[in-house]
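Student: On the provided structure of chain A, position chain B with the ligands as indicated by the hints.
Top line first, the protein sequences correspond to chains A and B.
Following this note's numbering, the numbering of the first sequence begins with 47 at its first residue and continues without gaps.
Following this note's numbering, the numbering of the second sequence begins with 477 at its first residue and continues without gaps.
For the record, the hints were derived by calculation from the structure and aren't laboratory data.
Every value quoted in this text rests on a predicted model; they were computed, and no experiment measured them.
Backbone N, C-alpha and C fix where the C-beta goes; we use that ideal spot for every residue, glycine too.
Accuracy of the hints is not assured; some may be wrong.
[Stated by the list, open to error] From the structure, some residues in chain A lie toward chain B, with a derived Cβ separation under 7 Å:
{"no.": "1", "residue": "E90"}
{"no.": "2", "residue": "R91"}
{"no.": "3", "residue": "G95"}
{"no.": "4", "residue": "H112"}
{"no.": "5", "residue": "S126"}
{"no.": "6", "residue": "I129"}
{"no.": "7", "residue": "A136"}
{"no.": "8", "residue": "M139"}
[To be verified] Some but not every residue of chain A turned toward chain B, in silico, with C-beta under 10 Å:
{"no.": "9", "residue": "D98"}
{"no.": "10", "residue": "G99"}
{"no.": "11", "residue": "L102"}
{"no.": "12", "residue": "Q103"}
{"no.": "13", "residue": "L125"}
{"no.": "14", "residue": "I130"}
{"no.": "15", "residue": "P131"}
{"no.": "16", "residue": "T132"}
{"no.": "17", "residue": "P137"}
{"no.": "18", "residue": "A142"}
{"no.": "19", "residue": "D145"}
{"no.": "20", "residue": "N146"}
{"no.": "21", "residue": "Y150"}
{"no.": "22", "residue": "A152"}
{"no.": "23", "residue": "E160"}
In case you want the letters, here they are:
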Amino acid sequence: MQGDAYPSYSWGVNIVEVSFDPVTYQIKVDHCWSTYDVGRVVDERIAVGQADGGLLQGLGYGYLEHMGIKDGKFRNRSLSDYIIPTFEDAPPMETAFIDNPFIYGANGAKGMGELTLVGGAPAIALAIEQAIGHKVNKIPATPEYIMEVINHDKH
Amino acid sequence: MTSIKFRLNGKDVAVDLDPSMRLIDVLRDHFSLKGVKEGCGEGSCGACVVLMDGYSVNSCLLPLANVEGHEIVTIEGFKETKQFDVLQKAFAEVGGSQCGFCSPGMIIAAQSLLSHNPHPTEEEIKAHMSGNLCRCTGYQAIVQAVEIASKKGAGLW
Ligand code: FES
Ligand code: FES
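Looking at chain A on its own, in the form it has when it is part of the complex (with noise of 0.2 Å):
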């Protein structure tokens, strides 16, 4: 095997500062940090928006966004069952780009789309395991799931 099948990866680090709490199991996102190597970034408002509302979308993956499937149907049939993150949910973002040209790339630039969604839900499945003190195995940390860690400790 010769050459670089994937030249162009975009990298990004995703910090998720969150607090839980033990009566309701409820979990709080407090404040998301994080910083991306896109290459060179083309427009840098466009960037962050992107950026921003992908960190968002991971977040909801992670723990709120249960898609539940029955007999091969969705069981979930609209937004009121199937939550996503509104104004009250979404923390603080501090976004920031390190300014690294790709040389293949034009103007420097690499893609950046998909990659603001990946580390949002680990990120935060990783910041609850450390707040409860057991591990997360499971996405969306609902909850209810948090609640069966706890009680039952079953991992």
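Tutor: Positioned in the frame of chain A, the structure of chain B with the ligands alone reads:
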């Protein structure tokens, strides 16, 4: 069928339609006001909000009969105002719109907030707008846009 009269975007209108029709369908299908979006059809997302006597309401939950005698403003009507101009520029400045599906509802919700509370705190913005969902922006830019509009449009509201 009884005709239902209301004000729509500054004009008096009368329609002979089933009074139990959802206002969103009347606006989109009868008046071709396609800026009113349907995200969920059940009051969860805010994409369909319009102003009714200055307050934001979900037009997917409102039967036509209930608007008799009231004043409805959609994004198409609101876009003729100075307040819209300030909000639009603020949204553009910080990137408060991405795919844009939530944006008409967000702008209407922001107008309803600012017209009753011209200098809201961050918490007040979040609380007031929390019935409007956005899948793209992460909300932070929208909060900033409303803050900017509140400053730059001081005196308008
Ligand atoms: S379409 Fe009316 S609230 Fe979603
Ligand atoms: S910009 Fe896409 S839903 Fe808000």
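Student: Quick check on E90(A) please, does its C-beta sit within 7 Å of some C-beta on chain B?
Tutor: Not OK, violated: E90(A) not within 7 Å of chain B, min 9 Å.
Student: Verify the interface restraint on A142(A): the C-beta must sit less than 10 Å from at least one C-beta of chain B.
Tutor: Status violated, d = 14 Å.
Student: Classify the hint on Y150(A) as holds or violated, based on whether any CB of chain B lies nearer than 10 Å to its CB.
Tutor: Check failed: Cβ of Y150(A) comes no nearer than 27 Å to chain B, outside 10 Å.
Student: Go through the hint on H112(A) and say holds or violated, using the shortest Cβ distance to chain B against 7 Å.
Tutor: This hint is violated: H112(A) lies away from chain B, its Cβ roughly 16 Å from the closest one there, beyond 7 Å.
Student: Using the nearest Cβ pair, does A136(A) come within less than 7 Å of chain B?
Tutor: holds, 4 Å
Student: Next item in the hint list is I130(A). Is there a CB on chain B closer than 10 Å to its CB?
Tutor: holds, 6 Å
Student: Can N146(A) be said to touch chain B, with a Cβ gap under 10 Å?
Tutor: This hint is violated: N146(A) lies away from chain B, its Cβ roughly 22 Å from the closest one there, beyond 10 Å.
Student: Using the nearest Cβ pair, does L125(A) come within less than 10 Å of chain B?
Tutor: Cβ of L125(A) sits 4 Å from chain B, so the hint holds.
Student: Is the interface hint satisfied for G95(A)? The criterion is a beta-carbon contact with chain B at less than 7 Å.
Tutor: Holds, because the Cβ-Cβ distance from G95(A) to chain B comes to roughly 4 Å (cut-off 7 Å).
Student: With 10 Å as the cut and Cβ atoms as the points, is P137(A) at the interface with chain B?
Tutor: Constraint on P137(A) satisfied, holds at 9 Å.
Student: Checking hints one by one. Is T132(A) an interface residue toward chain B, by the C-beta closer than 10 Å rule?
Tutor: holds, 5 Å
Student: Hey, does the L102(A) contact hint survive, CB to chain B under 10 Å?
Tutor: This hint holds: L102(A) lies near chain B, its Cβ roughly 4 Å from the closest one there, short of 10 Å.
Violation of the numbered hints given earlier is confined to hints 1, 4, 6, 18, 19, 20, 21, 22, 23; the remaining hints are satisfied by the structure.
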